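Following the hints, put chains G, F and V in place on chain P, whose structure we already have.
4 protein chains.
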Amino acid sequence: MRDVQSGPAQVALPIDRVGVKNLRLPLLVRDRVNGNQHTVADVDIGADLPAHFKGTHMSRFVEALDSWSEDLDYKSVQRLLNDVRARLEAERAFVTFRFPFFLAKQAPATGSPAIMSYDCRLTGEIGPEDNGRPRFLLQVDVPVMTVCPCSKAISDEGAHSQRALVRIQARFAGFTWLEELVDIADAAGSSPVYTLLKREDEKFVTESAFANPTFVEDVVRSVAQALAAHPQTTWFRVEVESFESIHNHSAFAVIEQRIERA
Amino acid sequence: MRDVQSGPAQVALPIDRVGVKNLRLPLLVRDRVNGNQHTVADVDIGADLPAHFKGTHMSRFVEALDSWSEDLDYKSVQRLLNDVRARLEAERAFVTFRFPFFLAKQAPATGSPAIMSYDCRLTGEIGPEDNGRPRFLLQVDVPVMTVCPCSKAISDEGAHSQRALVRIQARFAGFTWLEELVDIADAAGSSPVYTLLKREDEKFVTESAFANPTFVEDVVRSVAQALAAHPQTTWFRVEVESFESIHNHSAFAVIEQRIERA
Amino acid sequence: MRDVQSGPAQVALPIDRVGVKNLRLPLLVRDRVNGNQHTVADVDIGADLPAHFKGTHMSRFVEALDSWSEDLDYKSVQRLLNDVRARLEAERAFVTFRFPFFLAKQAPATGSPAIMSYDCRLTGEIGPEDNGRPRFLLQVDVPVMTVCPCSKAISDEGAHSQRALVRIQARFAGFTWLEELVDIADAAGSSPVYTLLKREDEKFVTESAFANPTFVEDVVRSVAQALAAHPQTTWFRVEVESFESIHNHSAFAVIEQRIERA
Amino acid sequence: MRDVQSGPAQVALPIDRVGVKNLRLPLLVRDRVNGNQHTVADVDIGADLPAHFKGTHMSRFVEALDSWSEDLDYKSVQRLLNDVRARLEAERAFVTFRFPFFLAKQAPATGSPAIMSYDCRLTGEIGPEDNGRPRFLLQVDVPVMTVCPCSKAISDEGAHSQRALVRIQARFAGFTWLEELVDIADAAGSSPVYTLLKREDEKFVTESAFANPTFVEDVVRSVAQALAAHPQTTWFRVEVESFESIHNHSAFAVIEQRIERA
Numbered sequence: 082m083r084d085v086q087s088g089p090a091q092v093a094l095p096i097d098r099v100g101v102k103n104l105r106l107p108l109l110v111r112d113r114v115n116g117n118q119h120t121v122a123d124v125d126i127g128a129d130l131p132a133h134f135k136g137t138h139m140s141r142f143v144e145a146l147d148s149w150s151e152d153l154d155y156k157s158v159q160r161l162l163n164d165v166r167a168r169l170e171a172e173r174a175f176v177t178f179r180f181p182f183f184l185a186k187q188a189p190a191t192g193s194p195a196i197m198s199y200d201c202r203l204t205g206e207i208g209p210e211d212n213g214r215p216r217f218l219l220q221v222d223v224p225v226m227t228v229c230p231c232s233k234a235i236s237d238e239g240a241h242s243q244r245a246l247v248r249i250q251a252r253f254a255g256f257t258w259l260e261e262l263v264d265i266a267d268a269a270g271s272s273p274v275y276t277l278l279k280r281e282d283e284k285f286v287t288e289s290a291f292a293n294p295t296f297v298e299d300v301v302r303s304v305a306q307a308l309a310a311h312p313q314t315t316w317f318r319v320e321v322e323s324f325e326s327i328h329n330h331s332a333f334a335v336i337e338q339r340i341e342r343a
Numbered sequence: 082m083r084d085v086q087s088g089p090a091q092v093a094l095p096i097d098r099v100g101v102k103n104l105r106l107p108l109l110v111r112d113r114v115n116g117n118q119h120t121v122a123d124v125d126i127g128a129d130l131p132a133h134f135k136g137t138h139m140s141r142f143v144e145a146l147d148s149w150s151e152d153l154d155y156k157s158v159q160r161l162l163n164d165v166r167a168r169l170e171a172e173r174a175f176v177t178f179r180f181p182f183f184l185a186k187q188a189p190a191t192g193s194p195a196i197m198s199y200d201c202r203l204t205g206e207i208g209p210e211d212n213g214r215p216r217f218l219l220q221v222d223v224p225v226m227t228v229c230p231c232s233k234a235i236s237d238e239g240a241h242s243q244r245a246l247v248r249i250q251a252r253f254a255g256f257t258w259l260e261e262l263v264d265i266a267d268a269a270g271s272s273p274v275y276t277l278l279k280r281e282d283e284k285f286v287t288e289s290a291f292a293n294p295t296f297v298e299d300v301v302r303s304v305a306q307a308l309a310a311h312p313q314t315t316w317f318r319v320e321v322e323s324f325e326s327i328h329n330h331s332a333f334a335v336i337e338q339r340i341e342r343a
Numbered sequence: 082m083r084d085v086q087s088g089p090a091q092v093a094l095p096i097d098r099v100g101v102k103n104l105r106l107p108l109l110v111r112d113r114v115n116g117n118q119h120t121v122a123d124v125d126i127g128a129d130l131p132a133h134f135k136g137t138h139m140s141r142f143v144e145a146l147d148s149w150s151e152d153l154d155y156k157s158v159q160r161l162l163n164d165v166r167a168r169l170e171a172e173r174a175f176v177t178f179r180f181p182f183f184l185a186k187q188a189p190a191t192g193s194p195a196i197m198s199y200d201c202r203l204t205g206e207i208g209p210e211d212n213g214r215p216r217f218l219l220q221v222d223v224p225v226m227t228v229c230p231c232s233k234a235i236s237d238e239g240a241h242s243q244r245a246l247v248r249i250q251a252r253f254a255g256f257t258w259l260e261e262l263v264d265i266a267d268a269a270g271s272s273p274v275y276t277l278l279k280r281e282d283e284k285f286v287t288e289s290a291f292a293n294p295t296f297v298e299d300v301v302r303s304v305a306q307a308l309a310a311h312p313q314t315t316w317f318r319v320e321v322e323s324f325e326s327i328h329n330h331s332a333f334a335v336i337e338q339r340i341e342r343a
Numbered sequence: 082m083r084d085v086q087s088g089p090a091q092v093a094l095p096i097d098r099v100g101v102k103n104l105r106l107p108l109l110v111r112d113r114v115n116g117n118q119h120t121v122a123d124v125d126i127g128a129d130l131p132a133h134f135k136g137t138h139m140s141r142f143v144e145a146l147d148s149w150s151e152d153l154d155y156k157s158v159q160r161l162l163n164d165v166r167a168r169l170e171a172e173r174a175f176v177t178f179r180f181p182f183f184l185a186k187q188a189p190a191t192g193s194p195a196i197m198s199y200d201c202r203l204t205g206e207i208g209p210e211d212n213g214r215p216r217f218l219l220q221v222d223v224p225v226m227t228v229c230p231c232s233k234a235i236s237d238e239g240a241h242s243q244r245a246l247v248r249i250q251a252r253f254a255g256f257t258w259l260e261e262l263v264d265i266a267d268a269a270g271s272s273p274v275y276t277l278l279k280r281e282d283e284k285f286v287t288e289s290a291f292a293n294p295t296f297v298e299d300v301v302r303s304v305a306q307a308l309a310a311h312p313q314t315t316w317f318r319v320e321v322e323s324f325e326s327i328h329n330h331s332a333f334a335v336i337e338q339r340i341e342r343a
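Residue numbers (the working numbering), protein chains in the order written: chain P, 82 to 343; chain G, 82 to 343; chain F, 82 to 343; chain V, 82 to 343.
Pulled out of the complex, with its shape left as it was, chain P reads as follows (with noise of 0.2 Å):
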């Protein structure tokens, strides 16, 4: 039968990404807590292609993927991204998935525990410059709550507040817990947000927030002055969406940085 995809290329360019994209599959992730948890992954995976060859055999990406089939960790992302380079005869590889992260979490009063959710992302890559080991990119968005200074500073009483949303992307030079993560950024806000709250949470979590109104800009900041300060860290991107609860958008704030070590 024809193979079509390794005839010449009618436009002799290399091709910088090519895979297949939104392939959902079930997915062991590991937890501080529990060792690993189950949930479900949205998968993007793919190769850089020669200018000389036609095509890609997209089947290959779906058998690296399914001959995987274990729990998502650095080591088997690794061999993963190496399976894809042997099996595509490709200098680079790349895979991303996208996940819920669930952690339990107890309201601040009672104690009463109930399951947070997170949307995480993985990224790792490899090219020959990188000497066989991956390069990742973790991502995590925590929702939180803010409360707004100003508002606070300028009315008689009460103070505007609201969801908002923490993304961090950052890249580390060891392994890393996502729970570090959410950490910090629960640490930002002017309080965490809960799944369950009875009545002496919710006025704890009213009164606490109260006494600390943060803007989005105040948010971004922390986040990232932590971020900096986490002993692994080599770059990170913050940022801050706040819904804001007085307008029908949103305010945001984003602090980028590098961080080199020795």
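Honestly, I wouldn't trust all of these hints.
All copies of an identical chain are treated as equivalent in the list; a pair is satisfied when it fits inside any one copy or across any two copies.
[Stated by the list, open to error] Within a straight-line C-alpha distance of at most 20 Å, the following computed EDC-like cross-link-like pairs (lysine to aspartate or glutamate) qualify:
#1 Lys284 - Glu238
#2 Lys156 - Asp125
#3 Lys102 - Asp200
#4 Lys279 - Glu261
#5 Lys284 - Glu172
#6 Lys186 - Asp123
#7 Lys279 - Asp147
#8 Lys156 - Glu144
Note that these hints are calculated values from the structure, not bench results.
Computed from a prediction, not measured in an experiment: that's the story for all the values here.
Only chains G, F and V this time, still in chain P's reference frame:
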């Protein structure tokens, strides 16, 4: 050239609705202040199909929309629906327009004007039982602010607030402005939301919202009461969804009601 | 501490549904081959509220879900709904789970297996008229391939094809596997779609789809016929949406039917 | 009234970007045939913030947009960006407009005209190094049709086809029409897509697409070649995503390139 669509169906079942979806068009919509306004719409349009025809001529829906090309009002939608019935030799026709609607709104203290936008939807339907007079369903999404009455009552200071969305769907016996529905929703939350608020306005909104705390239950009941009192309503459904600032999930409430008019 | 929710409502209207939305949870779902499977769900859960209560105790819905924490089947949802009614002192309760469902599917020529995922939704409702036996509504989205019969008939060579989505919603008199609904949809298009196709499989799919061209009207009628013939169906609604490859809009068709069972 | 924003920051870090997001506005956009057209836009707008200020005055972004209120072209965006820098006392400013763009397109055989819409994005940025001349980034999404060359070569009859999306992002040394980018993408797939096709047109599209099969790799290379040959391009990134009709996932390919101009 063969007309496959007019051939016999393999499975001789009548089809309730067949047509095209997600056609995007520029649109003129009537507006109380300026007469009309330019916006854009996503359109679904369709008809019924008797059991004995294999298929519909989908291009005729596009032709009907194309030759319509006028501003959106009750008369013009009536013409469009009758045109669809004629072109498709159908008993029933329907069309749905989804579009943003713009309103200039003044800040509550300084009076500074700025544009708000509201997601709207108009559906028109006609069948043999309608005697040539289509039935209409109007939908509008109005963001408002809610301050939590429980949080305010139990906390020493402050109260959590958030953006909430009021979705009104309604049928009317006679012409009704979209603006009337926006006004009804705006009056039901702890405060309306605005695009532009100067410091004096932010103080005003914060204090008046704090003085008027509302659960989603309060908001949905106020809107329901106002819609039931509106002289033209024959049916409505209201859903209020509050994007809780202390949780990562929403609270919601729904009331649906038919109103008999003599 | 004050219980504001139990106080009197300002507007004494009963509320049809009040509750929480978009809570994300890990979930176990029953599956025909493996017994059960791990997935994740977005959950909406609620109850009715009489005219005289100001508000619902939203945290009780979260507690009900939390203490439920079991696998999704008819018995467990029944327990959950009754628990919600008891905790909230409500007459009616409902819950909706939206989740991806995974099935291993073999390629049609080589038999190579790979995982497909299907968006599903299960809604359970109970009220005083149900004698303790909840009503269920099952929804599944099945992607299929359609080859256009008109394009094939009028063209010297080829025919345009595209991905289409079959959305089945149905109520049943007794237990029905999600897998049965996937099979019904898969049999109705020009061809099923697959996650992994080797060259021999791609040849098979192309040729068998080309030999079996289908309009959205054909697909919706085939699915309707199969659902009406299913021994357990009491009601269904099928919508097929075809993401036309020659247009930037979709074609769609809908059939809804109630089936009387003696 | 206190100006909290002008107070000192607790964490003295400069912020790269701070502003508002997802403001929706009516907009006039330039168009080659009619001079301009009405559409609607979602706008993000922001500036940098030095380390010593606690917060930005968010309402000033809204005022800048409000007093701008003109049609979108390079000059007007330059004025807007300079106005933002002045109002916010900022060194850097940026703005992004996301909007649908409408083009009348004639069917290939009958010449019947109908409106197509394209999702577009224009970003303008200015900083101290730009000497008052902002940098622009233009993005346009163009749906096309792809017929699979492998499926055609190995099958006795037929070949699977599907809708694909060509996303062009580009920077230019001088004025370039959005229409030029649409033309480049339209020429690169197996066939353009159309809003209105009569039977003769459908025959034409089917046969010409079948005679011109393309992988995503072919499409991305053709677009890249055309953009590199365009007299004004200084940088581009092209991504083609094909919504495979035989799978439930996409195939994709990306080329990014900088072009040095003397």
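Okay, the hints, checked on the actual structure:
{"no.": "1", "hint": "Lys284 - Glu238", "in the structure": "both (17 Å within a copy, 9 Å between copies)"}
{"no.": "2", "hint": "Lys156 - Asp125", "in the structure": "within (18 Å within a copy, 38 Å between copies)"}
{"no.": "3", "hint": "Lys102 - Asp200", "in the structure": "both (18 Å within a copy, 17 Å between copies)"}
{"no.": "4", "hint": "Lys279 - Glu261", "in the structure": "neither (26 Å within a copy, 38 Å between copies)"}
{"no.": "5", "hint": "Lys284 - Glu172", "in the structure": "neither (57 Å within a copy, 30 Å between copies)"}
{"no.": "6", "hint": "Lys186 - Asp123", "in the structure": "between (25 Å within a copy, 18 Å between copies)"}
{"no.": "7", "hint": "Lys279 - Asp147", "in the structure": "between (44 Å within a copy, 14 Å between copies)"}
{"no.": "8", "hint": "Lys156 - Glu144", "in the structure": "within (19 Å within a copy, 38 Å between copies)"}
When the structure is compared with the earlier hints, violations turn up for hints 4, 5 and for no others.
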